[in-house]
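Undergrad: Residues per chain, in single letters:
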Amino acid sequence: MKKLFALLLAIALLTAAFGAVADGWPAKDITIICTHGAGGDTDYNARMISRYLEKKLGVSVTVTNVTGSNGNIAMNQYKDGDNSGYTFVMTNTAALVGNEVTGVSDFTYEAFEPVAIYGRQSGENIIVMADSPYNTLQDLIDASKAAPETISFGISTGGGVYIAATILNANGLACNFVDQGDANSRLVALLGGNSQVTDAPYATVKEYIEAGQVKSLCTLLGERPTLIPDIPTASETVPDCVINTLYVCLAPKGTDPAIVAAMNAAILDIINNDADYAEECLSYNLQAPWALSVEDTLTELKNQRDTFVKYLELF
Amino acid sequence: MNPDIMTGISSVLTSPMTLLFILIGTMVGIVFGAIPGLTATMAIVMFLPVTYAMSATEGISTLVALYIGGISGGLISAILLNIPGTPSSVATCFDGRPMANKGQAAKALGVGIFFSFLGTIFGVIMLIFISPALASVAIKFGAYEYCALSIFSLSLVITLTGKDMVKGIISAVVGAMFATVGLSPIDSRMRYTFGSVDMQAGFKLLVFLIGLFAITEVVKVAANVRKEQNFTAEENVRLKGLGFSFREFTSQIVNLFRSALIGLGIGILPGIGGGVSCMLSYTVAKNTSKHPEKFGTGVIDGVVASETANNAGIGGAMIPLLSLGIPGDPATAMLLGGFMVHDIAPGPLIFQKNGPVMYGIFTAMILASIVMCLFMFGGLRGIVKVLKIPKYYLLPVIVMLCCVGAIGDSNRMFDVWGVLIFGLIGYFFAKAEIPTTPMILGFILGPMFEENLRRASKLAQSDPITNHPISIVFLAITVIAVALSVRSNMKQRKKTEAKE
Numbered sequence: 000m001k002k003l004f005a006l007l008l009a010i011a012l013l014t015a016a017f018g019a020v021a022d023g024w025p026a027k028d029i030t031i032i033c034t035h036g037a038g039g040d041t042d043y044n045a046r047m048i049s050r051y052l053e054k055k056l057g058v059s060v061t062v063t064n065v066t067g068s069n070g071n072i073a074m075n076q077y078k079d080g081d082n083s084g085y086t087f088v089m090t091n092t093a094a095l096v097g098n099e100v101t102g103v104s105d106f107t108y109e110a111f112e113p114v115a116i117y118g119r120q121s122g123e124n125i126i127v128m129a130d131s132p133y134n135t136l137q138d139l140i141d142a143s144k145a146a147p148e149t150i151s152f153g154i155s156t157g158g159g160v161y162i163a164a165t166i167l168n169a170n171g172l173a174c175n176f177v178d179q180g181d182a183n184s185r186l187v188a189l190l191g192g193n194s195q196v197t198d199a200p201y202a203t204v205k206e207y208i209e210a211g212q213v214k215s216l217c218t219l220l221g222e223r224p225t226l227i228p229d230i231p232t233a234s235e236t237v238p239d240c241v242i243n244t245l246y247v248c249l250a251p252k253g254t255d256p257a258i259v260a261a262m263n264a265a266i267l268d269i270i271n272n273d274a275d276y277a278e279e280c281l282s283y284n285l286q287a288p289w290a291l292s293v294e295d296t297l298t299e300l301k302n303q304r305d306t307f308v309k310y311l312e313l314f
Numbered sequence: 000m001n002p003d004i005m006t007g008i009s010s011v012l013t014s015p016m017t018l019l020f021i022l023i024g025t026m027v028g029i030v031f032g033a034i035p036g037l038t039a040t041m042a043i044v045m046f047l048p049v050t051y052a053m054s055a056t057e058g059i060s061t062l063v064a065l066y067i068g069g070i071s072g073g074l075i076s077a078i079l080l081n082i083p084g085t086p087s088s089v090a091t092c093f094d095g096r097p098m099a100n101k102g103q104a105a106k107a108l109g110v111g112i113f114f115s116f117l118g119t120i121f122g123v124i125m126l127i128f129i130s131p132a133l134a135s136v137a138i139k140f141g142a143y144e145y146c147a148l149s150i151f152s153l154s155l156v157i158t159l160t161g162k163d164m165v166k167g168i169i170s171a172v173v174g175a176m177f178a179t180v181g182l183s184p185i186d187s188r189m190r191y192t193f194g195s196v197d198m199q200a201g202f203k204l205l206v207f208l209i210g211l212f213a214i215t216e217v218v219k220v221a222a223n224v225r226k227e228q229n230f231t232a233e234e235n236v237r238l239k240g241l242g243f244s245f246r247e248f249t250s251q252i253v254n255l256f257r258s259a260l261i262g263l264g265i266g267i268l269p270g271i272g273g274g275v276s277c278m279l280s281y282t283v284a285k286n287t288s289k290h291p292e293k294f295g296t297g298v299i300d301g302v303v304a305s306e307t308a309n310n311a312g313i314g315g316a317m318i319p320l321l322s323l324g325i326p327g328d329p330a331t332a333m334l335l336g337g338f339m340v341h342d343i344a345p346g347p348l349i350f351q352k353n354g355p356v357m358y359g360i361f362t363a364m365i366l367a368s369i370v371m372c373l374f375m376f377g378g379l380r381g382i383v384k385v386l387k388i389p390k391y392y393l394l395p396v397i398v399m400l401c402c403v404g405a406i407g408d409s410n411r412m413f414d415v416w417g418v419l420i421f422g423l424i425g426y427f428f429a430k431a432e433i434p435t436t437p438m439i440l441g442f443i444l445g446p447m448f449e450e451n452l453r454r455a456s457k458l459a460q461s462d463p464i465t466n467h468p469i470s471i472v473f474l475a476i477t478v479i480a481v482a483l484s485v486r487s488n489m490k491q492r493k494k495t496e497a498k499e
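Here the protein sequences line up with chains A and B, keeping their order.
All residue numbers for the first sequence refer to numbering that gives the first Met the number 0, where the first residue is 0 and numbers rise by one.
All residue numbers for the second sequence refer to numbering that gives the first Met the number 0, where the first residue is 0 and numbers rise by one.
Simulated from the structure, these hints should not be mistaken for lab results.
There may be inaccurate statements among the hints.
Cross-link-like lysine to aspartate or glutamate pairs, in silico, DMTMM-like; alpha carbons within 25 Å at most [said to hold, decoys possible]:
1. A/Lys214 / A/Asp130
2. B/Lys352 / A/Asp40
3. A/Lys205 / B/Asp342
4. A/Lys214 / A/Asp273
5. B/Lys457 / A/Glu148
6. B/Lys457 / A/Asp181
7. B/Lys139 / A/Asp40
8. B/Lys352 / A/Glu209
Working from the sequences, and respecting the hints, build out all of it.
TA: In structure tokens, the structure reads:
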């Protein structure tokens, strides 16, 4: 009884706190700018959370795709955009942090008021053909050391895949890294025998892994995803090799911190408590929903940027 | 059997909306094809934004229906007005009009429509069989092969479109240059962005095509709007049955297959398109005929040759589009844009990744050709009336829809300016008699060439070109094709000089 009372009190206090600072928000419709095109994972996650936000906040939440330059067009346009609390930007951390590090943009997450990291991608996987002699990342590293520069590894320059390759290279993987374009083209190259190893999002190669044509050596995520627990992580072999592509919600610079906090609370509530959302998220991202508070979001973005910068200096 | 086939077929047949879109698409396409100055490409440009909100199968079915309708509709004005509705029907005039003058307009139309139908079906069947096979070969293609293939395709376009090779090269190079704006492939460096963030994303294929096709055509028509149009339409047309006898049909079977194969082959080769295939097929039919002297006086052989070939080219042009991601002509370049909007990547994996959509499209193409046949036989009188609508009512609507289409893709005003600027560039090109097809192929193939050249040069140390015989063959054919074309160009110049 005491516990229940304490919980009720806490909820009442929290509601009161938000009620006091973000009074009357949201009073009108919210626009979400998605930095990537319709059909991709960034768009899917932005639209998924927006549908639930609409129910939760009681106003219409519209997603508009403004695309180009790995999200930089939209981010550049909206970083100093309408900061009244009714415009938000949804993107992924590889674009937000990676664009600055690789020189595509001249600003980083600090140009925005980060609201929340609200999800994890199904994860990039290092894949080989099913009949390949390599079964683990360690096998691959050993083989590459025995005959340096002979195993060709398909990558795309810039972005998470590139950074992963740089980290692996610095930790002993002596492959011949060849640019083979986007995930789909890299898969084509692997299937056509134009590369022996490549790196692709799990969602892109799912049907090939299930059909037994391709096998995954490891995922680049920091932790094994809920639905595919039998795939090891790269960090079990090379501790630094973690590429967590996370979905993040940002507000234009100067947005009222109280509104940022209220939006974060709304997102966290959906992520932590909505069973329907959990189910949808699990089937698309292959892992349970997950989100961070405003502070943890900032810390995570800083960590990602630090790792990226550390390894890019190697080149 | 591959379960995707059944899923694909039933996704079209059981969806009333898709069926309705195919019906509307084909009818609109026919009207666009029939009105001189409006083309199949323009019909696709106009309806592309409408498909943004549809599912992939619905959207692309609509676009292929417009394509089939647009290529077929041209024969109506070719026969009744003596003006080809589209470049694909130029050769239809040669015998179609004399037939109409002899009072056989109905027969000419009947033959044209029916053989258009047979040509389309032939092309689609070939597409269904060839394109998965080509896809399974193309999966072995790497940087060397794509590099050689893009050079091969570009050289064909340059040498075969238009009369002047130099103008072809100018056009292709300008197209390739526009494609370099933005982030470079491989290392994402900024090129020609002039500090503008909008330029960083580069020009979109759709923006480029909409500008070059729709706006340029509108400006061209606007420039001639005060000129009097003196065409006389044949209006008293009565179709009885198909309009021709069974014996006349059987006499054309050899012609049918020969023309269909020519159309298919020209369709597969990049950049040449329906205009050339109908002319070529007509010439071949004439040269191999037992009565070549009757061609041009109103024999059905000429109509059959032209209409079968241009329609068979539809399936042909889609083969490299689906299996390699290389469009054969402006209309399929627009379709490529449509695929991109729906997040379908043409290439060797298309049948594995988007199997149901592919078989859905094939089903839609067959349905569209049936609709085309029925609508043209049944709705002929209505179509003739539409031909009389003054174009100044249609053109502003087209311009507006094009701008909506441009903005709808990535929601920025920059793309609208892009459309207008490319439209003007296209108009100046038209004035200078520089063909624009090489420009479009340059825009698509230029980046493909650059990317694969850079990859291949990185591979060269460990995996030399001698390991890639296919690419060497393509390069060799390219050299031969260019050499032959230079020779024929020089011969022609000598001839004209001798005349002077």
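Undergrad: Each hint needs a verdict: does it hold in this structure or not?
TA: The hints, checked one at a time:
The suggested pairing of A/Lys214 with A/Asp130 holds, with an alpha-carbon distance near 9 Å, which does not exceed 25 Å. Taking the CA atoms of B/Lys352 and A/Asp40, the gap is about 16 Å. The hint holds against a cut of 25 Å. Taking the CA atoms of A/Lys205 and B/Asp342, the gap is about 17 Å. The hint holds against a cut of 25 Å. About 34 Å separates the Cα atoms of A/Lys214 and A/Asp273, which puts this hinted pair outside 25 Å; it is violated.
A C-alpha spacing of about 12 Å is found between B/Lys457 and A/Glu148, which places the hinted pair at or below 25 Å, so the restraint holds. Restraint check for B/Lys457 and A/Asp181: satisfied, since their Cα atoms lie roughly 17 Å apart, inside the 25 Å limit. For a cut-off of 25 Å, the pair hint linking B/Lys139 to A/Asp40 is broken: about 28 Å separates their Cα positions. In summary, the hint linking B/Lys352 to A/Glu209 is supported, as the alpha carbons are separated by about 14 Å, within the 25 Å threshold.
The earlier numbered hints that this structure contradicts are 4 and 7.
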